[in-house]
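Peer 1: Got two chains here, each in a separate frame; can you build the complex from them with the hints?
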Amino acid sequence: MKAGPFDPARLDAALASRRRFLVATLLLVTTGPAVSVMADLHWRTGFDLWKIAHLAIFSLLFLLVALGAVQAVVGFWIRRRGEPCSILRSVDFEEDDGVLDAPTAVVMPVCNEEVRRVIAGLRAAYESVQEHGRLSACDFFLLSDSTDPNRWIEEEAAWLALTQQLGAKGRIFYRKRRVGLNKKAGNIADFCRRWGRHYRYMVVLDADSILSGRAITRLVRLMERNRGVGLVQAAPLLANGETILARLQQFASRLYGPTAGAGLNFWQLSEANYWGHNAIVRLEPFMRHCSLPELPGDGPFGGRIMSHDYVEAALMRRAGWQVWLAVDLEENYEECPANVIDLAKRDRRWLQGNLQHTRLIVARGFHAVNRVHFILGILSYLASPLWLALLALSAIIAADNARINPAIYAHLGFARHLHWSLTGESLVLFFYTIGLLLLPKAIGLLELREHPGELAAFGGWAAVWKGVGLETGIFTLLAPVLMLFHTQFVVLTLCRQPVSWGTQRRGREGASAWGEAIRGHAGHTAVGLIAAACVWSIDPRLAAWMSPVLLGLILSIPLSYFTGSIEVGAAWRRSGIFLTPEETRPPEVLERISRCLPELGPASRPVPEHLTADYGLLQAVLDPYVNAVHVALLREKDDLPAASEERFGALRAQLVCAGPGALPLRDKVSLLLDPDSMRLLHDEVWAAPAERLDPWWRQAIRHYSMVAPAPETPFDRQVA
Amino acid sequence: MESTSALRERSLAPQSDPASLSAQSEAWDDAFLRVESYLHAHRIQGRVAIHHLAAALVEEAKRESAGQRGTPPVTAAMNVLYRKMAAWYSQAFGEGGASEDALRSRGRLALVMTHLEAGWPREFLDGRPVRPALAEALRESRLEAGPELRPASMPAAPLEFAVAPAGVEALRGLRRPGLIQAAGLWLAIIGAMGAAWASSH
Chain A
35 MKAGPFDPAR
45 LDAALASRRR
55 FLVATLLLVT
65 TGPAVSVMAD
75 LHWRTGFDLW
85 KIAHLAIFSL
95 LFLLVALGAV
105 QAVVGFWIRR
115 RGEPCSILRS
125 VDFEEDDGVL
135 DAPTAVVMPV
145 CNEEVRRVIA
155 GLRAAYESVQ
165 EHGRLSACDF
175 FLLSDSTDPN
185 RWIEEEAAWL
195 ALTQQLGAKG
205 RIFYRKRRVG
215 LNKKAGNIAD
225 FCRRWGRHYR
235 YMVVLDADSI
245 LSGRAITRLV
255 RLMERNRGVG
265 LVQAAPLLAN
275 GETILARLQQ
285 FASRLYGPTA
295 GAGLNFWQLS
305 EANYWGHNAI
315 VRLEPFMRHC
325 SLPELPGDGP
335 FGGRIMSHDY
345 VEAALMRRAG
355 WQVWLAVDLE
365 ENYEECPANV
375 IDLAKRDRRW
385 LQGNLQHTRL
395 IVARGFHAVN
405 RVHFILGILS
415 YLASPLWLAL
425 LALSAIIAAD
435 NARINPAIYA
445 HLGFARHLHW
455 SLTGESLVLF
465 FYTIGLLLLP
475 KAIGLLELRE
485 HPGELAAFGG
495 WAAVWKGVGL
505 ETGIFTLLAP
515 VLMLFHTQFV
525 VLTLCRQPVS
535 WGTQRRGREG
545 ASAWGEAIRG
555 HAGHTAVGLI
565 AAACVWSIDP
575 RLAAWMSPVL
585 LGLILSIPLS
595 YFTGSIEVGA
605 AWRRSGIFLT
615 PEETRPPEVL
625 ERISRCLPEL
635 GPASRPVPEH
645 LTADYGLLQA
655 VLDPYVNAVH
665 VALLREKDDL
675 PAASEERFGA
685 LRAQLVCAGP
695 GALPLRDKVS
705 LLLDPDSMRL
715 LHDEVWAAPA
725 ERLDPWWRQA
735 IRHYSMVAPA
745 PETPFDRQVA
Chain B
81 MESTSALRER
91 SLAPQSDPAS
101 LSAQSEAWDD
111 AFLRVESYLH
121 AHRIQGRVAI
131 HHLAAALVEE
141 AKRESAGQRG
151 TPPVTAAMNV
161 LYRKMAAWYS
171 QAFGEGGASE
181 DALRSRGRLA
191 LVMTHLEAGW
201 PREFLDGRPV
211 RPALAEALRE
221 SRLEAGPELR
231 PASMPAAPLE
241 FAVAPAGVEA
251 LRGLRRPGLI
261 QAAGLWLAII
271 GAMGAAWASS
281 H
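Those sequence lines, one after another, are chains A and B. Per the working numbering, the first sequence starts with residue 35, numbered consecutively. Per the working numbering, the second sequence starts with residue 81, numbered consecutively.
Pulled out of the complex, with its shape left as it was, chain B reads as follows (with noise of 0.2 Å):
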């Protein structure tokens, strides 16, 4: 596998060096691609609405490459990409102070709840304010996971043992005159069983 550096001095290189041309321009490919698998990733309905979108965010990863140094075309590209979505969020959210990561974070998550992957390219990176509508949409978009907590102790229950349940214990809950009468009936049946079997054996 080729190394970074060995990318990195490569797409430094001369633009006069049509191998080293070539190369830059696959990487440049590969940058298309990726942005392209991306924006595929978020569902957006329309190929063609992707692939302009894509084609638009490599050419000013390019633009904004020419200037500087070891920033590898994929990288670039998604950094543009990871931008302008972070910017279009801000402006969705009408919030400023979070993380670029975090933004997207929850602009992801605004989408998914919303459902509107469907529209998006039409509105997304056109460069015109988000509609009032759609941004009070994505604002509005909550995951409820759970209703509010309501913290309250479940203290574990007591048991203690004894070595053998004594014989009141064992027989918590049955109704004493009842389990008198049941045992006499029991003895009799034990002991004319006993009988049969003394009168046989």
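Chain A with its partners taken away, still in its complex shape (with noise of 0.2 Å):
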């Protein structure tokens, strides 16, 4: 194999410690001053016990606004001068180009997502892995936990009906768990205790991820030449957005993500992060050390770890073993949520996992880089309600200073060398903050002057302004909604009430609905109501400046509902606005999975709106593949208790003579685990004269007549 000029195995722990001491440097350097002018304004105005907790937490978030400045100024440099140490310059790709026989699994757990969007970027993937024809012995897993019976049965018939199109029997397999224990991370584990033994490497995949064959490959050389590596991490871009917000968002991660992934990639070396997906592992590390222990205790603090990648990570440094991210690894990316509430809701899964990890900054044995990771995941969420506490401490020292009026030293402090009056220091500090918050975008820009080629591929630098400008304009309104629905979520999580697991919704199904936005949002918008009339009686002044959260908060329901519309994000992207190369060019793998994914348009026989509640049921009871295929997938069970056939059989009566809508969700699923229910129940319901059953059923039955084409199940979509 043909080495690259970078060999990890060789990486200097002098250089590494160096570039951490430097950024490290660089935040003191960055974050002293300012949080010296904050000590000053207090200091002289006269010190109490509100100003210091307002500084100390100051500190803190302005360290965090630090760090991203200072990761875009070093990504910029190290990119312009070259990254010496990246993963990727460990393999000449161009010389390298041979096949390989290195035994890879990519699997792809799932969890009651929309079930064309993952078939279609299963089978992308897999069409791309195939035509790139460089990896001889890969195999692709469908890892099912879902629990909701329609997804379910979608799945298992998806999945046949893919092998089919594809020729890819024994190729594609698919698991359903029929206790998803430990959520992804016991469903990662379960396909390891299964056939882990069976590869060398598996590339895990999210619902959302799309990658192609040469990126897969690319990721199987880089382990194939490294064998110190047990986990690579390919930065993923945005892709494939259709609303406001998640164009836009793809748009920032486009402009300024390579930027801030060499930074990242500049500190952590080989004690880099896992984020759960577009990833590659080495199995066998992975299997011996990186299985997830209980956490001591319960509450939002001990049990079962919840995020379980940067625990698996450090598990996997631990263990001596490097773990890289690849920046810049090409046709390799994940979808976004489309809306705000949906972002709210995948932020609330982080969150608490986040904050579980809290236990494990003080774990033993792990490296000093894992533990920063522990603690900059934690804040990146308690950041939020450290702002609200700000903002409110604010709004606190500036009532007593209205109130006091106090003596200001106005030629002491930091005045006596500078001449500053005390408003002129607050708007230094103040343009100091947002010039550290403009700085990541500034040197996307400047990045992006140096590649012309990009820059036509992004609109234009007409287009990259207006897009630049309405992205600042959108986030800094979002900023303070995003800010609450945190800060509601940690109070929910330390109070210990649990996290919901909702289902991420992409695509159209993302797109906003005024009912929801109202629901979301009402809160906001009657505290950001109450906090302005608040802040303006205390001083109007003080209003002009937090008008930015404010205004943000005053206008969630409609800032949400117009950020999460697909008709005005459609309109936006005809008007050229938050173009990105993938858009304006898109790589072979987007379009392949726009081609894989059927449109979303009317089913050649609609199912009547009554029965789509139990459509899965439905279909796994009466369409005769579907049940065949469905209890083929089923373990057969040994001889059942006389009480469990007894309990079976009353259930199948009631779902018989009752419907599906007189039994609960819990023994429908059990139900459809029983591969004899399930054969009973295909053969009860067929043969039952009209007067036995449910007026549902007569319906379901109904829906195979002669008189209409056949019901549409994924047997017969086919893909151009």
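Certain hints may be false.
Said to hold, decoys possible - Partial selection, computed: residues in chain B whose CB lies under 7 Å from chain A: (1) F112; (2) E116; (3) H122; (4) Q125; (5) V128; (6) G147; (7) T151; (8) P152; (9) V154; (10) D181; (11) R188; (12) P227; (13) R230; (14) A237; (15) G253; (16) L267.
Think of the hints as simulated: they come from the structure by calculation, not from any bench. Computed from a prediction, not measured in an experiment: that's the story for all the values here. Positions of the beta carbon are idealized from the N, C-alpha and C atoms, including for glycine.
Peer 2: Next up, the structure:
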């Protein structure tokens, strides 16, 4: 195998330390002056406890802002210079293009996801791998934890139809767990326990991941070349967004992501993080060292580990295996939430998982950089309640100042040398903060200036500037809404309120609805109005300072609806706003997925509305083929005890005579998991006279009558 | 809704009664529709073929029911269809012993996996032996949901917690000489800022 100029095995530990200390020093140099100026402002009006708390929170938040800016700066610098320590430089991909025989499993864990999108993603990856033709031993797995019978049944039929259409029998597999223990981490662990020993590598995809055959092959090649690397996380770009929010995120990630990623790699090096998808894992050490333990205790900080990826990366590193971030791996994408409510739902899941890592910061044996990952993950969500606290303290301090009218040391402090008025000094701090916030954007633009081809693909300078302006404005207004969401989630998590792991809606499914926007943001609007009235009564100038925050909250309902609108998103795309190179020059793998994804137009045989709620059950019972596939995928059980036989008999009778509405979901799932019951139900319902059947079943059977085309299942769908 | 027993009574009434004759005829019409729908659900191509097949099955069910009491026409007709299907699958697979419902379930799976539904009516229940090529295709069809199991254990990684990470533990992985140099630099920066503060406040 032809080696590239970089060998991770020879990574100089002194270089890694120097880079980390450089970043820390830059953080100190950037944050120190801001904290000093804020302290000086407080000192000039007299310190008290409120101001000490305000200064402490300000320092922590400023550190996070500074980290983003510093990463962008070092990322830009190292990209210009040519990063010598990039895992992608360890293989000469041009020279090394031979066929690989490393047994590789591409796994896609799913849970109640939109089945057509899942299948389209799997199909695109499979076809792309086949066409690329450099991976001779690559199998694909759809690992389902779906609990919604409608999704579950559709997955089964769609999987079989896919293997038939592609002639991929024995290459694309499907597994549904009976009990979704330990969520996604448990799903992957179950795969490893069953089949992990067949494979050397596992490429993990999310339901919305898009990886080309070339990208997958390159990941395998990196692992084959670097035997000391346990995991390579590929930094994905966002793609396929349709709403304003989704397109705005993908525009920002495309423009600022490469420098941010390079900055991240600059200090992480072989102690990078794992994001749970778009990554390749060496299975043997993963299975030996990365099985997640339970955390002691229960509640928000104990029990099963919810956010598994950071911990798995830390465990892999603890066992001596390197973990790398592959920045700039081409044809590597993921999708993003389409509206604010879905973004918040996703954040709620991640938030609880990240807060749980608090315990792990002090676990023995982890690398210092992995501890930093845990801390940054926690702070990324704790920043919201801290920001809220900072705003509240600012209002309290302003109210105090208005009430007691403190003496101001006009010519003392830094003003002694710099001749700053109190307002002038505040403005300096304000513009410094804004400058740091905008610095990654400016650096993204500088980077773009050096790549004229990319610039054209973004639609030219006018489109880019318009996009950056709108993205900054919209994110400024949305930030306080997300702040309130995150704060609410932190409080709920600390109060041990369970997290509902709702499925993220993607594509057209994720478009906004007014009702949902009003329900989701009515509280934010109320908070915004009350806060505006309070702040105005304290000091109208303070209200002006806080106007972006207040405006974002007051306008949260229309803002949420508008940014989640597919129609407006499409209109903005036509106007050239938020264009990305993936939209103007879509790569083959994205075009392939568009072709694979059948339009969600009206089905050839629309399902009557009252049948839709239990349509999966309907098909599993009535459709001869769906029933047969479903039964074949269930594990045959030994003889059931009489009590179980009796229970299943009673449930079947109830289902037939009273319809699915009479059974709770748990009982319907029990029946769906019992192969004998499913065979018997198929025979019984079809052979029962109408009088014995609940009207729901009579309607369902009419759905199969000769007077209309047969109902649509995945077996009937053909893709161009 | 009419009870099952009432329907049964009605189906057993003397055939000379025009009302009962009509009810019975309706019940057999329902049976015909049910059989037809079931065949249609198999995606069998050709309405005429389905119609003929359904008519033949219902006629056979009628003949069988003539001497029997209590089986509703829909059930009788579907039972004939189930039996015929099981026999056909049994012949195709060349196996006996499995329960009828299991055989039919496996047969349906074989059909969907071999895409035979389009040509099926011409072959199915026509009284002739199943063609060897067809039988082999059906026999060979297997659902491969996963490779062969190779169970492995994944013992949970042990975790030990310190109340607070000791200095050495927290800085694990960082080079000490570099750390000392960096700490010196940071102290110098903090000291310079402290001096600036002290000189102005």
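Peer 1: So which of the earlier hints does this model not fit?
Peer 2: Numbers 1, 4, 5, 6, 7, 16 - these are the hints that the structure violates, sorted from lowest upward.
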